[in-house]
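A.B. asks: Dock chain B against chain A, hints included.
Residue strings, one per chain:
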Amino acid sequence: MIQVFVTISVVLGIASVLAITVIQKSRQIGILKAMGVKDRTASLIFLSQGFILGIFGAIGGVLLGLLLTFAFTTFALDPDGNPVIPLLIDPQFIGISALVAIVSASLASVIPARKSTKISIIEVIKNG
Amino acid sequence: MVNTIEVRNVNKFYGNVVKTQVLYDINLSFEKESFNSIIGQSGSGKSTLLNIVGTLDQPTSGEVLIDGVSTKDMNKNQLAELRGAKLGFIFQFHYLLPEFTALENVIMPMKVNKKPITKEVIARANELMNLVGLDDVKDNLANNMSGGQQQRVAIARALMNQPDIILADEPTGNLDSDTTEKVYELLREINKKYKTTFIIITHDRRIAEKADRIIEVKDGKVHVDIRK
Chain A
1 MIQVFVTISV VLGIASVLAI TVIQKSRQIG ILKAMGVKDR TASLIFLSQG
51 FILGIFGAIG GVLLGLLLTF AFTTFALDPD GNPVIPLLID PQFIGISALV
101 AIVSASLASV IPARKSTKIS IIEVIKNG
Chain B
1001 MVNTIEVRNV NKFYGNVVKT QVLYDINLSF EKESFNSIIG QSGSGKSTLL
1051 NIVGTLDQPT SGEVLIDGVS TKDMNKNQLA ELRGAKLGFI FQFHYLLPEF
1101 TALENVIMPM KVNKKPITKE VIARANELMN LVGLDDVKDN LANNMSGGQQ
1151 QRVAIARALM NQPDIILADE PTGNLDSDTT EKVYELLREI NKKYKTTFII
1201 ITHDRRIAEK ADRIIEVKDG KVHVDIRK
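Protein sequence lines correspond, in order, to chains A and B.
Once you know that position 64 of the first sequence is 64 in this note's numbering, the rest is easy, because the numbers rise by one and skip nothing.
Once you know that position 31 of the second sequence is 1031 in this note's numbering, the rest is easy, because the numbers rise by one and skip nothing.
Don't take every hint at face value.
Simulated crosslink set (PhoX-like; lysine-lysine; CA at most 20 Å straight-line) [as the list claims (entries may be wrong)]:
{"#": "1", "chain 1": "A", "residue 1": "K25", "chain 2": "A", "residue 2": "K38"}
{"#": "2", "chain 1": "A", "residue 1": "K38", "chain 2": "B", "residue 2": "K1076"}
{"#": "3", "chain 1": "A", "residue 1": "K115", "chain 2": "B", "residue 2": "K1076"}
{"#": "4", "chain 1": "B", "residue 1": "K1072", "chain 2": "A", "residue 2": "K38"}
{"#": "5", "chain 1": "A", "residue 1": "K38", "chain 2": "B", "residue 2": "K1114"}
{"#": "6", "chain 1": "A", "residue 1": "K38", "chain 2": "B", "residue 2": "K1111"}
By construction, these hints were calculated from the structure, which means they are not laboratory data.
Here the structure is a predicted model, which is why all the values come from computation and not from measurement.
Looking at chain A on its own, in the form it has when it is part of the complex (with noise of 0.2 Å):
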């Protein structure tokens, strides 16, 4: 159950980096739609870099995940010498996890790419 509200609270903070992003950006992407850039393209920008946010924290979340387990096993021991946690490593817990990450990720920056379909290029040249 925690990982559910985990997961939603991951999305609801990528969603307003990139809500951020999208405000601090909006000069940019009003000169790229004057120039000819559809709605469409201009969000894409946004969901790639989602997705890109998404892959680089699965490869670091697992890196980490992994780092931590050997840590433990290797530090922290009874008294007889043994890992009080034993090593296990599932690969396809792993996988999924770091699918969740992808996919949340490029979930969250739906949002973003929808608000930045409504950047019209008026509000960006009246208000430099």
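C.D. replies: Same frame as chain A, but now just chain B:
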């Protein structure tokens, strides 16, 4: 001469609750290959007019025809395509993409319109850089240039697609008078060399007088229209 742009009975209102009329029944046409200037006080509606001509803004009523085709019923994608193919913009602020070099910024319109970046394209970008006098700094990031240089990059960028029409809203608003002079000479040169139609907003009367035609907008109406 053939008209490339026609503005027919254009009215523009702003605001939903309190409606303010900015343009009153504007009728104008611009000839191909002409060099036009629009002058007027701030708030006169000249920028709104230019934005409507450039399909960046929609008129409340009336229509704009570009090369005989009405833009009235086009959807956002069709308008984007039209802009990519026929129109070039130079704004008061350059809006370069800071992540890219000057040369890459100039090539951007080609990338945006999904045209292949061939050797000819790069050669043309280099030629344009040369034309605007930025050969030495073309590999600088957009932020590592002076204001005047950035504005000239924006001009080169507007020319990259070889648009038929260039719309410029106070392109030299942020530049000193010497650079202003240079930029206008450059635009004039481009107008002659590439047969590009220019519509330029300026508040500098000296500059306006160098154009083929001066249109003065006052309180949302065409006040004076002088052709040379």
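A.B. asks: Each hint needs a verdict: does it hold in this structure or not?
C.D. replies: Hint by hint, here is what the structure shows:
1. For the proposed pair K25 of chain A and K38 of chain A, the alpha carbon gap of about 16 Å is at most 20 Å, so the pair holds.
2. Taking the CA atoms of K38 of chain A and K1076 of chain B, the gap is about 8 Å. The hint holds against a cut of 20 Å.
3. For the proposed pair K115 of chain A and K1076 of chain B, the alpha carbon gap of about 16 Å is at most 20 Å, so the pair holds.
4. Pair hint K1072 of chain B plus K38 of chain A holds up; C-alpha atoms about 18 Å apart against a cutoff of 20 Å.
5. A threshold of 20 Å between alpha carbons decides the hint, and for K38 of chain A with K1114 of chain B the separation of about 11 Å falls inside it, so the pair holds.
6. Restraint check for K38 of chain A and K1111 of chain B: satisfied, since their Cα atoms lie roughly 13 Å apart, inside the 20 Å limit.
Violation of the numbered hints given earlier is absent; every hint is satisfied by the structure.
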